[in-house]
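Colleague: Protein chains in written order, with our numbering: chain A, 1 to 491; chain B, 1 to 98; chain C, 1 to 478.
Any given hint might turn out to be false.
Stated by the list, open to error - Pairs of lysine-lysine, DSS-like flavour, derived with a Cα cap of 27 Å: (1) B/K78 / A/K87; (2) A/K298 / A/K288; (3) A/K245 / B/K78; (4) C/K222 / C/K361; (5) C/K361 / B/K87; (6) B/K87 / A/K87.
Hint data in this document are derived by calculation from the structure and do not stem from the laboratory.
If you're wondering where the values come from, they're calculated on a predicted model, not measured in any experiment.
Below, each chain spelled out in residue letters.
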Amino acid sequence: MVNRILDIPVWEIVKKIANQEISSEEYISKTLERIQKIEPKINAYITVIKEASLDKALELDKQIIQGKTVGRLAGLPIAIKDSICVKNIKTTCGSRMLENFVSPYNATVAEKIIQEDGIIIGKTNLDEFAMGTSTEHSYFGATRNPWDSTKVSGGSSGGSAAALASFEAALALGSDTGGSIRSPASFCSVVGLKPTYGAVSRFGLVSYSNSLEQIGPIARDIQSCALFMDCIGGHDIRDSTSNNKVPEQFTDSFEETPKNLKIGIPNEFFGEGIQEEVQKSVWNVVHKLEGLGFHYEKTNLPMVKYALPAYYIIAMSEASSNLARYDGLRYGFNVPEKNLNWNTIFSKNRRNGFGKEVRQRIMLGTYTLSAGYFDQYYLKAQKIRTLIKQDFDKVFKKFDILLAPSMPIIPFTMGEKLKDPLALYMCDVNTVPANLAGIPSISIPCGLSSGLPIGIQIMGPPFREDLLFKTGRLIEENVTIDKSAGEFTNV
Amino acid sequence: MKKTYQPISEKDVSHLAELARLELSRKDVTEIRLQLNKILDYFKMIDDVDTEGVSPTYHVFDLVNILREDKPHSPKPKDLLENVPKKKDRYIKAPRMI
Amino acid sequence: MSNETKKVKIGLEVHCQLTSLKTKLFCNSPSDYRRKPPNTNICPVCIGTPGSLPVLNRNALNYAAMVALALNFEITPHMLFFRKNYFYPDMSKNFQITQYDRAGGVPFALNGYIILDNGKKIRMGRMQLEEDPAKITYDGTIESSSETYVDYNRAGISLIEIVTEPDLESPSDAREFLNKLSSILEHLNVSDLGQEGSVRCDANISYGGGKRVEIKNISSFKEVERALNFEMTRQKSLASKGISISQETRHWDDIRRITISLRLKEEEQDYRYFPEADLVPVSLSKSFIEEINSGMPELPKEREKRFQQEYHHSSEIARVLVKDKFLADYSEKTSKESIDPREVGILLAVNLPPFLNETGKNLKSLDITPKHFAELADMISKGEVSRRSAKAIFLEMLKTGLTPRNIFDKKGLGVISDSKFVEDIVEKVFKDNPIAVKDAAKDPKAINFLLGKIMQETRGRVDPSIANKLVKKQLSEQ
């Protein structure tokens, strides 16, 4: 009920700001007001950047008045997950370990946002070091779902998705290792893309599992998501795994309706664990697309059955190594004790700097890489990964895209799954396959059940985000989500 | 080939904690041991997969030979040293070795 | 070689910095870190800041390929980088990016060798690229210091690791191997191993078929020979007392010049090697290798042959001259300035080394230009000075830096070849030594005695052949 200005689709807002119909200063101010009002209720942000954002907005408005050309994100308040480095701003990764770490440099994606005149309005909450599916494992408290604050927001990019759903930002960046963009996008009813591995630079993304993770755009509608992806994607010489294919400008071909789209419905993504209302909601969309003239067919990815254990073994193994650098020497948490040897101090710093879930994953990852177990776990998991990738390659010879539920369940109550880590891991069952295969996958809102969001996942072949955006647009046009149903989801 | 799953002992947990430099209390060790064994028990389903002759996917796409020119940049050490908790005359101070 | 020495087996693990690179292995921090204030040449990558990523240095790859080819290695066509995971204050990420030979990993190159002067082939099992850790210093010793100081200037510098088979049979063999390795790296212009800290060596030695002892912390090639000699002696002495040698790691203390048992937990470190996902594989084509090959600079062996052909150095002298690139370059410059390169060779390869050994100096630090040596060589060649005088001039030149001609004029060291003058000397000597003159008719030894006296009289300046002629003439006229 706050202010209509926040409700205007973001891709439209940029135009209005550039046309001087709306000032960036007004937009930023309204957003900051919204943040002040809503934050105590949902805790989406760890750091809010107030003064600098207003200054930038004023500066930008001046430039626009002077007739200077501005970037494609000019004047937009953009939230960035707190595992992505922004210079001179704290980058905490939701952890006590980096509670006071101020990043000395900008991630490539942050640089790109700044180059496009986007305004970084704050750093959002996440599961500690991106390890989680519900944003309940943050040192800075959990993020609540704006649709129902007794429910989780999804994770690990819960803060980013919740900030968007509650109009506390225009666009947001998240990262996705095993579903960390798609999970909160689904739970908060926003659009979240996990790009093809290598499509967006990882330079400046604090690493959890480096062979699986990607930074991705999150937005309230698909066109804004595509606009954001255009700005952040592309080759980066500072990331050796960044792909040197020329990035497609997705907003160019956005209006085109895909012809003869062959849709695959993989059975393994509709297994026992998928709630009935979720299945119903997703099938509803499939039938709508059928009604528009697109064909679908059920298909199989038999190896996907083993995706979850393979994912966790690989992710935890890599995590145990990626998090080794946090010893309190060059930065990070330090215990007050003195006069002990380095081994003891490091061990104390790490025990006290890391939360329980992180410690556990490090222990497991150390085990799965250790002598005598490497072959049985890490190597085996990587071989299964090959088989899963082969399954996807086969299926994409026949189909253009695959549709499936993003999450197996509707948003659950806070605290419900904390006692049993395995139960929480199981929530990733539909999202991890795309990370293992490196393919792009987007989550689009497709309905509500008992007032709680459900997301549909569109997967495509490597570097075919265009198919995802085009299909997503179709779905968006044909599905209506009643935002008034949510606690903090209407302005 | 199916491998027999061996549960982790408390000794194993302590050894892992040492490798990972995590100082664990008795309570920590007991708790972690339970969770680790539960999760490892779940993982063992991967033994069912025949991976004979399959090579691992260490890199998901075929990029090779990504190289950088041997040209130096101008370092900005001051920025980087801001976060160092303990310093002395530009050195980073570490706890004693022994 | 005695029976005893035959039983010695030595293997080396050498880490050499590629000092000619301008930047580090995985980031473009400048590599010229010596004499810089601590923590100056650093960046988010080499100091392990969260979110930073490594990118491989193109020239490091090229240099490594050159080294592999020069050492007769087989270059691996498709290779990965691995993480070696362990905690230490000198590790900016608490893992080292290196290469590994299991789990699908193959090091940069395999099966190289160097052949020693005695013909023995020293095999090198593998060669790989990896990053150098940071430098740690203490207040005092590692045991006593309450504080440890870390400097990341060196962290991330490119290293080549080379591991030999235990083919070396003596500490001096080991020294020769390392000298040859050093000369090859210098001739390739990839590394100057004279720079402080540019090379580290671990050595393995077993004696008489006994257990293998590893010696760590050897920081120069000279120290390698010392450490091995010490350890060999220690093991021999234990063996002679019937005490068996335990397999262990010992630390070389270069101040007390002894090896010390490390008495650390003997648990083998579990490095949990796995592939580095932030770096993509390196795939080296045949054409790449051919290109590297065709661009290779002249190696010591080739240079040795050319020295024999071009400058007519003997094979012995040529071999000595190419031991060290600086010396080889220097000798070429000198030879080009001289009318008699053979003499140059003798001066530099035969006469110079003893002086350097005695004084502990090296050629680089002496203030002597090639012209100096060339001038002296010419003077000897033209017969302007006798060899004995030449030696004196030589030493004077090395000590003072004056040119040979200067010294010659100052000391009046010209060769006396004026026959009349010599005749007078001969007469005087004959008069002063009647008994020798009598004996000279029968005993050739006595002639030498007379010649010696003539040399004495002239302070070695007389032309020996002339003196000889005149003495014989005088004797025949007796």
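Colleague: Taking only the CA atoms, is the gap from C/K222 to C/K361 under or equal to 27 Å?
Modeller: Status holds; Cα separation ~14 Å.
Colleague: Please verify whether B/K87 and A/K87 have alpha carbons no more than 27 Å apart.
Modeller: holds, 22 Å
Colleague: Tell me if the straight-line CA distance from A/K245 to B/K78 falls inside 27 Å.
Modeller: Violated, at roughly 36 Å.
Colleague: For the pair supplied as a hint, A/K298 and A/K288, confirm whether the alpha-carbon distance does not exceed 27 Å.
Modeller: The given pair, whose Cα atoms are some 16 Å apart, holds under the 27 Å limit.
Colleague: Is the Cα-Cα distance between C/K361 and B/K87 27 Å or less?
Modeller: violated, 39 Å
Colleague: Is the straight-line distance between the alpha-carbon of B/K78 and that of A/K87 27 Å or less?
Modeller: holds, 14 Å
The structure does not agree with the numbered hints 3 and 5 stated previously, though it agrees with the rest.
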